[in-house]
Amino acid sequence: MDQFTQLTVDALTLGSVYALIALGYTLIYGVLKLLNFAHGDVFMVGSFIGFGVLQLLGGTDNPVVPVWALLTIVTFAAMAGCAALGVAIERFAYRPLRDAPRIAPLISALGVSFFLANSMQLLFGADPRNYNTFDLSNGALYLRGIDLGNVRVPLLRIITIVAAFVLMVMLWFLVNRTRTGKAMRATSFDREAAAMMGIDIDRVIVFTFVLGSALAGAAGVLFAVRVPTTVSIGFVAGLKGFTAAVIGGIGSIPGAMAGGLILGFAESYTQGYVSTKWSDLVVFSILIAFMIFRPQGLLGRPDISKV
Amino acid sequence: MKKAIGLALAVLATSVVAASAQGAQKGSSAIAAGVNCKGTMKIAFLTPLTGGAGFLGNEQGSWAKYAVKTLAPAMHLKIQLVMGDTPVEQGAAVAQTLAQKYVGDPKVVGIIGPSTSGAVVAATQTFFQAGLAHISPSATKTDLTKRENGKLEGTPAFFRDVPGDYIQGPTDANYMIKTLHVKKVVIMDFQEPYSTGLAAAVERTLKAGGVSTSRLSASNTTTDYSAFVTKVPNDADIVFFPTQKPGDAQTFAQQLLEQGKKAKVFGGDGSNGPGQFKAPGSYVSNFAPDITGIKADAKIIAGWKKDNPKSEVGSFGPPSYGAVQIMLTAIKRACAADHGVIKARHDVLRQMKKVKISNWILGGKFAFSTKSNDPLNAKFYIFKIQQDGSYKLVG
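For the protein sequence lines, the chains are A and B, in the order given.
Take 1 as the starting number for the first sequence in the working numbering and just add one per residue.
Take 1001 as the starting number for the second sequence in the working numbering and just add one per residue.
These are calculated hints, taken from the structure and not from any lab test.
With the Cβ distance kept under 7 Å, some of the chain B side facing chain A (calculated, not the full set):
(1) S1219
(2) T1221
(3) T1223
(4) S1226
(5) F1228
Quantities reported herein were computed from a predicted structural model and do not represent experimental measurements.
Beta carbons are placed, not taken as given, at the ideal position from N, Cα and C, and that holds for glycine.
Please put together the full structure from these sequences, using the hints given.
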């Protein structure tokens, strides 16, 4: 039972980060029908921005603000930095190709991905960056928490899970209950018709990139507070986020959340109950199974072609 | 949507196929015919400069550059050092592609590296076919130089100036048995040649010593080890963690504490990174002692520090200095034997085994074993990580 509880906590932590990345893929696909393969690298940049801001605030050895403020500032700084990066990517890499054949922006996305990874490498080197959150308050974020039977859920995991879910709820509210969200949904449904209704399409697209990239930035920090980050981390994270988005139904916001969690649970339980060697095999087998039996994903809508 | 995903997968698949095809070209037997020893010759260094083991390659590169800068003029050689990046995350294809590139360059007369065992396995046949000697300052997998389970992965062109895992595995395991008196050990591997080989060597000795062992296996791209830590029994004494990314050993140690497990992490030479793996009470082994304690090295260290003022002396750099010293000595000997013109790369390869160095950077003298292309009488050292994160030699 203890192992089940521990694996469930692991799954929720991992799944919530995957879900945040998947949301970025799904938002951008929903509005632009573009698979933004640079998204994983935006996530990586977010983790680096967080690291930089953390150092500016004294690092974990000697922070100049309380721990809660430190984590909040670092997360919001990464979100803001990634949002700006998202705007730049959209403006320079995707907007000029908006009316080009679909392969063009896809290749551009791969190019942006390599550009970001290599630029970061040139600027900051190859060394892993460790937030060293264990050093904060003498390990309190790891050693204190809530006890579930014999399993302790450490504070840092609670913070990660809660922060991810708060962001997801805020996103859901924004998309479903605000005027801007309505414009996003209209653009996603039919871009030309939305433009004819007076919606500023460019603005909606830029806002979508701001949202998606900010979520990637937050995910980058929530990931890197627990494990070291490197400039090469974006590829694997992006691949997992993309898989989660496809499983959930790319273009569907609740689908991306569900896909991320499914991936987290599949990975964690496979490692715990089957074999640690098999987790990636199981995860990508789930992706293949979805592609064959339910290509629209869990909560996505099937493509209907007018004949 | 299906079309878009199909298109995306097609683009990814094409990239992978293209990369694979590039890496799978047949080895050339081109020889650098008639390289004048008075002209500029090249030696290439294959090491991970980027990725999770990038710290290792950068440290090794800085020592190799310093060795070329100081030793080549003293031997009246003009040597250009070229660096090739082999990130551990990208597997074998990169090393194979680079091997082709250097074999194709007639000015290249010797190779340092590859630094990691997996990359050596990928590149050594290509170097051997071209008659190019290559010497690794850190690849420790046993079957690169000695037959193990009926298999020999290395070629006669491969040398190393550090001992293999057939020494590291028993050294680490015996320390656990005799000094730490362990009863239960969990052994991880990362599904790549270095870690599986070392994990097997440790496991064999532990089992022979009556220690209860269990095995976990993670992919080389794993970043979060929570689920693995969950599988570590509460009464396990040690988790043997032969990663090539010290930051991951730190993460694992922290996650053990997070889950209230008492086991300590014991890393191999790949985990040795004082800036990154600094969990107090953990252990690491390495093929090099702390050379700051060797008086004869004071001048070398001072010179290297002048060129690298922000860096500390680590364990991976000095063997790279030594590997360059061996290679330059072999080139010098080949030049002398060929009367000032290296007629073929084989001529350098033939001289490698004959190299002997009196003031060896790791202490004492250096010579190759007569039985394998390994150093004679080399050993591994064990360090315990202190409260301040420093490494203390304990075995």
